[in-house]
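2 protein chains.
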Amino acid sequence: MIEAHGKNLVNRTCTPQEREERLKAACQMPVLDLTSSEVSDIYMIGTGAYSPLKGFMDSADYQGVVEGMCLKNGVLWPIPVTLAVTEEEANNIKPEDEIALRDPASGELVATITVSDLYRYDKEKEALATFGTLDTAHPGVKKLFEQKAFYVGGEICQLADDTKAFPFPEYAGPAKVRQEIAERGWKTVAAFQTRNPIHRSHEYLTKIAMEVCDGVLIHPVVGKLKEGDIPADVRLACYRALLQDYYPAERTLLRVYPMEMRYAGPKEALLHAIVRQNFGCTHIIIGRDHAGVGKYYGPFDAQNIFDNLSESDLLIKPLKFDWTFWCKRCGGMASTKTCPHSAEDHVAISGTKLRTMLAEGKRIPEEFTRPEVAEILAAYYLQL
Amino acid sequence: MIEAHGKNLVNRTCTPQEREERLKAACQMPVLDLTSSEVSDIYMIGTGAYSPLKGFMDSADYQGVVEGMCLKNGVLWPIPVTLAVTEEEANNIKPEDEIALRDPASGELVATITVSDLYRYDKEKEALATFGTLDTAHPGVKKLFEQKAFYVGGEICQLADDTKAFPFPEYAGPAKVRQEIAERGWKTVAAFQTRNPIHRSHEYLTKIAMEVCDGVLIHPVVGKLKEGDIPADVRLACYRALLQDYYPAERTLLRVYPMEMRYAGPKEALLHAIVRQNFGCTHIIIGRDHAGVGKYYGPFDAQNIFDNLSESDLLIKPLKFDWTFWCKRCGGMASTKTCPHSAEDHVAISGTKLRTMLAEGKRIPEEFTRPEVAEILAAYYLQL
Chain A
2 MIEAHGKNLV
12 NRTCTPQERE
22 ERLKAACQMP
32 VLDLTSSEVS
42 DIYMIGTGAY
52 SPLKGFMDSA
62 DYQGVVEGMC
72 LKNGVLWPIP
82 VTLAVTEEEA
92 NNIKPEDEIA
102 LRDPASGELV
112 ATITVSDLYR
122 YDKEKEALAT
132 FGTLDTAHPG
142 VKKLFEQKAF
152 YVGGEICQLA
162 DDTKAFPFPE
172 YAGPAKVRQE
182 IAERGWKTVA
192 AFQTRNPIHR
202 SHEYLTKIAM
212 EVCDGVLIHP
222 VVGKLKEGDI
232 PADVRLACYR
242 ALLQDYYPAE
252 RTLLRVYPME
262 MRYAGPKEAL
272 LHAIVRQNFG
282 CTHIIIGRDH
292 AGVGKYYGPF
302 DAQNIFDNLS
312 ESDLLIKPLK
322 FDWTFWCKRC
332 GGMASTKTCP
342 HSAEDHVAIS
352 GTKLRTMLAE
362 GKRIPEEFTR
372 PEVAEILAAY
382 YLQL
Chain B
2 MIEAHGKNLV
12 NRTCTPQERE
22 ERLKAACQMP
32 VLDLTSSEVS
42 DIYMIGTGAY
52 SPLKGFMDSA
62 DYQGVVEGMC
72 LKNGVLWPIP
82 VTLAVTEEEA
92 NNIKPEDEIA
102 LRDPASGELV
112 ATITVSDLYR
122 YDKEKEALAT
132 FGTLDTAHPG
142 VKKLFEQKAF
152 YVGGEICQLA
162 DDTKAFPFPE
172 YAGPAKVRQE
182 IAERGWKTVA
192 AFQTRNPIHR
202 SHEYLTKIAM
212 EVCDGVLIHP
222 VVGKLKEGDI
232 PADVRLACYR
242 ALLQDYYPAE
252 RTLLRVYPME
262 MRYAGPKEAL
272 LHAIVRQNFG
282 CTHIIIGRDH
292 AGVGKYYGPF
302 DAQNIFDNLS
312 ESDLLIKPLK
322 FDWTFWCKRC
332 GGMASTKTCP
342 HSAEDHVAIS
352 GTKLRTMLAE
362 GKRIPEEFTR
372 PEVAEILAAY
382 YLQL
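Chains as they are written, first to last, in the working numbering: chain A, 2 to 385; chain B, 2 to 385.
Quick caveat, the hints were computed from the structure, so don't treat them as lab data. Careful, some of the hints might be misleading.
Since copy identity is lost for identical chains, a pair holds within one copy or between any two.
Unchecked claim - Calculated pairs, DSS-like style, for lysine-lysine (alpha carbon to alpha carbon, straight line, at most 27 Å):
hint, residue 1, residue 2
1, K338, K177
2, K55, K8
3, K363, K329
All values reported here derive from a predicted model rather than from experimental measurement.
Kindly produce the complete structure, drawing on both the sequences and the hints.
Here it is in structure tokens:
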């Protein structure tokens, strides 16, 4: 089994007994309210999905990441994982304080943090490092610029039960997924990150991955998405229908994870890879404009960033793909790498056009979307 | 560029000027007649396709290969490459003799050998080591058992011009193919070994390889085949038609090479891999029953044999595939690794049935064979 990133899988969760005690103690602590992204990150840290992180980044880790994609211990890390507080909140916190972290949406105390340090940060510097742009039309930049002005670093202890926070039967943390991979005897596993329903073009990527690896982990994000993205429960209905009819069960694993997308393109592709290594995957599918949004990144930036890493930076390997489509002349799925024919021969529907067609009850070509998936999407768009 | 097997690409050919002089000298030497397989091996050795071999194996290399798949210098080698002589011929040869080697089919002196040693060998031991069987119904075993009783070891000098011996525009030696790969800037190249026309199932394998590698080398054998196999010129017409209509030229290279098949299954798969590494490939497609014949090998023997090698034994990596087919329910090409449907949904035609259909002028489903290829095969079978 592939090692966790930085070697050992972190576990900052607690057993039901510990939870009761710690919750009691947490009720006596000062409380900070979290954003939805910070709540997601609690679960990512707590379950080890962000191994080797044990908490929110202190100043040294943060500077290392922003300036050189590297934690202070030398481990590759592409994107800050931070907890933001206001100046007023910061004035009431000092190192070694224990603070309870609350999800304001549920009112639940989801974690405690042992403060290591507090620091002001440079939003423009972080935006450029992470997103490569200062444009607030970028959803990641917008969120960052609206964020509180100080960061609190420190190791966390996860109190909330993440499996209850994401009530999908497909929800599983890294330790569980690693166990499932081991039980299936897969030596090589390709992860497929997605925040969208799987149309045939992406099905094709996963099928190629299955040809060259022992199994595939279909691994959608179920953290909060940007406006216009399709909700997790609708997507899950699509994934289930697709897998049931078109994937061999013994070589496919559908699991979801709680991260919130940053839309940071290449830097996020690295983060997705690190997370998948922690989930026990040896490969990750990186298509065109992976984790991108708008036109901020070149189509292959998220693939090329892997080329500058050294062997020891990251054990998981990218499987890089180009445009994929049904080609009428090929009479099958193909890609710009394998098909010599012209665009007129390719079945292509833009996202906008697809939504319109679905909302208007129009039939989607089977070469583009499996009918079982189109039916679920149509029902969703019709009720919007 | 990937290193040649054993590090340096061997070159035992000569320039046109050298050829003239050496031919003159060779005319004064005693002469041995070669089998067609030995002639092929001359070209494989001479051009470096068999690097690091510089000649026919001496006793130490031969014993190492038969007993432990290893040359005396420690380099992996799976199958003897030998020159057989009768006892009578052996009696007239001694170490350090220079002997001219003649292709009796053309009467041409194709090489000279500087004899290092002469040795009797154990045909049953070699048959078991190479083919895993003593059954003379196996074409490789049959050829071995009919072979002369002694082997002559020694380095060779290739006199004949191999590019003229195989008058196909697609013929090219390893140095030339390496140069073509370098010019195209391919960092990863998958080789596809074949002795058959390419039907859609094999096209699919090459297309998957193209998705994960920068380019593909379609690399058919044009050495003598067993009875019933389709001649090289007919196959080449099929390859050309297929590539022209269904492959992107900038990612595909069709080249042929002069080896004669051994039908040695797993051991030959390793030999095919070594040869492709010498041709500059980083990957080789290994399907079910690669280089097999009859039912002598398990369907995955030729894949599993790679698992027992250490990293340094072989740099080229296998791309392993299972049955592939058009699946009506998937609505596309698929394999036992990717398709959950049953055999009734798969378009499958046995080799025997295909030949009958073609010979009777019946239409072959496009899901099985491209019409451009079927047409050429039909014309061939109709005139048989």
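A quick look at each hint next to the structure:
1. K338 to K177: Intra 36 Å, inter 24 Å, cutoff 27 Å: inter-copy only.
2. K55 to K8: within (13 Å within a copy, 46 Å between copies)
3. K363 to K329: both (21 Å within a copy, 24 Å between copies)
Violated hints for the displayed structure: none, as all numbered hints are satisfied.
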